[in-house]
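S.K.: Given the coordinates of chain A, assemble chain B onto it according to the supplied hints.
There are 2 protein chains.
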Amino acid sequence: MSQKFFQDLWPEELSYCFGCGRNNKDGLQIKSYWEGDESLCIWTPKEYLKAGKDILCGGIVATIIDCHCLNTAIAVAYKRETRELGTEPFIPYATGSLRMELKKPIPIQKPIILKAKVDQIQDKKIIVSCLLFSDNILCAKGEIIALRVSKDFWKQ
Amino acid sequence: MSQKFFQDLWPEELSYCFGCGRNNKDGLQIKSYWEGDESLCIWTPKEYLKAGKDILCGGIVATIIDCHCLNTAIAVAYKRETRELGTEPFIPYATGSLRMELKKPIPIQKPIILKAKVDQIQDKKIIVSCLLFSDNILCAKGEIIALRVSKDFWKQ
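Each protein sequence line maps, in turn, to chains A and B.
Position 27 (the first sequence) corresponds to 29 in the numbering used here; numbering is contiguous.
Position 89 (the second sequence) corresponds to 91 in the numbering used here; numbering is contiguous.
Next comes chain A alone, as it looks inside the complex (with noise of 0.2 angstroms):
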């Protein structure tokens, strides 16, 4: 595979995140790539991070949604200044807001595919909408406002 994946560029101290952070032994480690204009995610979920029986934790699919819109929010921000991902210095967004639609139960033991784009750019904002599948089913919608953050945000 020749995808690069986001969160593996991302500096080393800021690559902890419990949602998508590379050094997070006990997160959740998705990875995020772009293909064409999208970006996709594909993650199987884990037996404790359930619902109910067979079902995935509804603030889990928040989580995974959240981490992969905002890894595409900065993504897409490193590309607008023509900018090779992962170089120095690295561009700060945080979630602002997130909405989340959940559409069909999501079983636990199957792979998950998030499909993200960017719906809109502004100067300090930006806006990404995602899809999430389960066996080719849409399962969940989401959207995040990401917002342009000073350079000591994550590191504060």
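Derived from the structure by calculation, the hints contain no laboratory data.
All residues carry an ideal CB built from backbone N, CA and C; glycine is no exception.
One thing to keep in mind: the hints can contain errors.
Claimed, not checked - Below, in silico cross-link-like pairs of lysine-lysine (PhoX-like), each with a Cα-Cα straight-line distance of 20 angstroms or less:
#: 1; chain 1: B; residue 1: Lys27; chain 2: A; residue 2: Lys106
#: 2; chain 1: B; residue 1: Lys27; chain 2: A; residue 2: Lys48
#: 3; chain 1: B; residue 1: Lys105; chain 2: A; residue 2: Lys126
#: 4; chain 1: B; residue 1: Lys157; chain 2: A; residue 2: Lys157
#: 5; chain 1: B; residue 1: Lys106; chain 2: A; residue 2: Lys127
#: 6; chain 1: B; residue 1: Lys112; chain 2: B; residue 2: Lys55
#: 7; chain 1: A; residue 1: Lys153; chain 2: B; residue 2: Lys105
#: 8; chain 1: A; residue 1: Lys105; chain 2: B; residue 2: Lys112
#: 9; chain 1: A; residue 1: Lys33; chain 2: A; residue 2: Lys81
#: 10; chain 1: B; residue 1: Lys55; chain 2: A; residue 2: Lys27
#: 11; chain 1: B; residue 1: Lys153; chain 2: A; residue 2: Lys106
#: 12; chain 1: B; residue 1: Lys48; chain 2: A; residue 2: Lys105
#: 13; chain 1: A; residue 1: Lys153; chain 2: B; residue 2: Lys106
#: 14; chain 1: A; residue 1: Lys126; chain 2: A; residue 2: Lys81
#: 15; chain 1: A; residue 1: Lys27; chain 2: B; residue 2: Lys48
#: 16; chain 1: A; residue 1: Lys33; chain 2: A; residue 2: Lys106
#: 17; chain 1: B; residue 1: Lys48; chain 2: A; residue 2: Lys106
What the hints assert, rightly or not - Label-pair ranges, simulated between beta-carbon atoms:
#: 18; chain 1: B; residue 1: Leu140; chain 2: A; residue 2: Lys119; range: 40 to 46 angstroms
#: 19; chain 1: A; residue 1: Lys117; chain 2: B; residue 2: Gln111; range: 35 to 41 angstroms
#: 20; chain 1: B; residue 1: Asp154; chain 2: A; residue 2: Gly38; range: 37 to 43 angstroms
#: 21; chain 1: B; residue 1: Gly88; chain 2: A; residue 2: Tyr50; range: 35 to 41 angstroms
#: 22; chain 1: B; residue 1: Glu83; chain 2: A; residue 2: Lys55; range: 31 to 37 angstroms
#: 23; chain 1: B; residue 1: Thr84; chain 2: A; residue 2: Asp154; range: 49 to 55 angstroms
#: 24; chain 1: A; residue 1: Glu15; chain 2: B; residue 2: Asp28; range: 25 to 31 angstroms
#: 25; chain 1: B; residue 1: Lys27; chain 2: A; residue 2: Ile44; range: 50 to 56 angstroms
#: 26; chain 1: A; residue 1: Gly38; chain 2: B; residue 2: Thr84; range: 54 to 60 angstroms
#: 27; chain 1: A; residue 1: Lys48; chain 2: B; residue 2: Lys127; range: 38 to 44 angstroms
M.R.: Just chain B, lined up with the frame of chain A:
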């Protein structure tokens, strides 16, 4: 303490949720209780649940808001039927949608207080909103729409 935690009263087999199940040893195990017409939840994050240094992961914020609000919806459904919490048959609800605003970074080391209230009750739909405080500072707001589901939904 005389309050009854909602999550301690649900059936054993429905108590494995990552966010709030008392039987999920790897979960967050949040606890919710009535204080007047509000429901409260006091919970302290763990280090591995961070986003960046010392800041709680946004997806975990969504998880505790979702679980606290959904438990509140179920508790109010019992109240509405003038039934004791936890008596059989269990009244099943599931989150249909969630909205969350993150206003300030939430420190990972300090207890969080969630205060939820029921905004609207319809036949098969309960809307619950929630404020999240850390150190007495309002850091996040959330809302869920909880939908009444079939008795087998969580058992499938």
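S.K.: Take the hints in turn and mark each one as holding or not.
M.R.: Hints, verified against the model:
1. Lys27/B with Lys106/A: 26 angstroms, violated
2. Lys27/B with Lys48/A: 14 angstroms, holds
3. Lys105/B with Lys126/A: 16 angstroms, holds
4. Lys157/B with Lys157/A: 43 angstroms, violated
5. Lys106/B with Lys127/A: Holds, at about 16 angstroms.
6. Lys112/B with Lys55/B: It holds: about 14 angstroms lies between the C-alpha atoms, which stays within 20 angstroms.
7. Lys153/A with Lys105/B: 18 angstroms, holds
8. Lys105/A with Lys112/B: 34 angstroms, violated
9. Lys33/A with Lys81/A: Holds: Lys33/A and Lys81/A sit about 18 angstroms apart, inside 20 angstroms.
10. Lys55/B with Lys27/A: 15 angstroms, holds
11. Lys153/B with Lys106/A: Distance of about 16 angstroms is within 20 angstroms: holds.
12. Lys48/B with Lys105/A: It is violated: about 30 angstroms lies between the C-alpha atoms, which goes past 20 angstroms.
13. Lys153/A with Lys106/B: 16 angstroms, holds
14. Lys126/A with Lys81/A: 15 angstroms, holds
15. Lys27/A with Lys48/B: 14 angstroms, holds
16. Lys33/A with Lys106/A: This hinted pair is violated, its Cα atoms lying about 23 angstroms apart.
17. Lys48/B with Lys106/A: 30 angstroms, violated
18. Leu140/B with Lys119/A: 40 to 46 angstroms: 32 angstroms, violated
19. Lys117/A with Gln111/B: 35 to 41 angstroms: 36 angstroms, holds
20. Asp154/B with Gly38/A: 37 to 43 angstroms: 41 angstroms, holds
21. Gly88/B with Tyr50/A: 35 to 41 angstroms: 24 angstroms, violated
22. Glu83/B with Lys55/A: 31 to 37 angstroms: 25 angstroms, violated
23. Thr84/B with Asp154/A: 49 to 55 angstroms: 54 angstroms, holds
24. Glu15/A with Asp28/B: 25 to 31 angstroms: 26 angstroms, holds
25. Lys27/B with Ile44/A: 50 to 56 angstroms: 28 angstroms, violated
26. Gly38/A with Thr84/B: 54 to 60 angstroms: 56 angstroms, holds
27. Lys48/A with Lys127/B: 38 to 44 angstroms: 31 angstroms, violated
When held up to the earlier numbered hints, the structure conflicts with 1, 4, 8, 12, 16, 17, 18, 21, 22, 25, 27 and fits the remainder.
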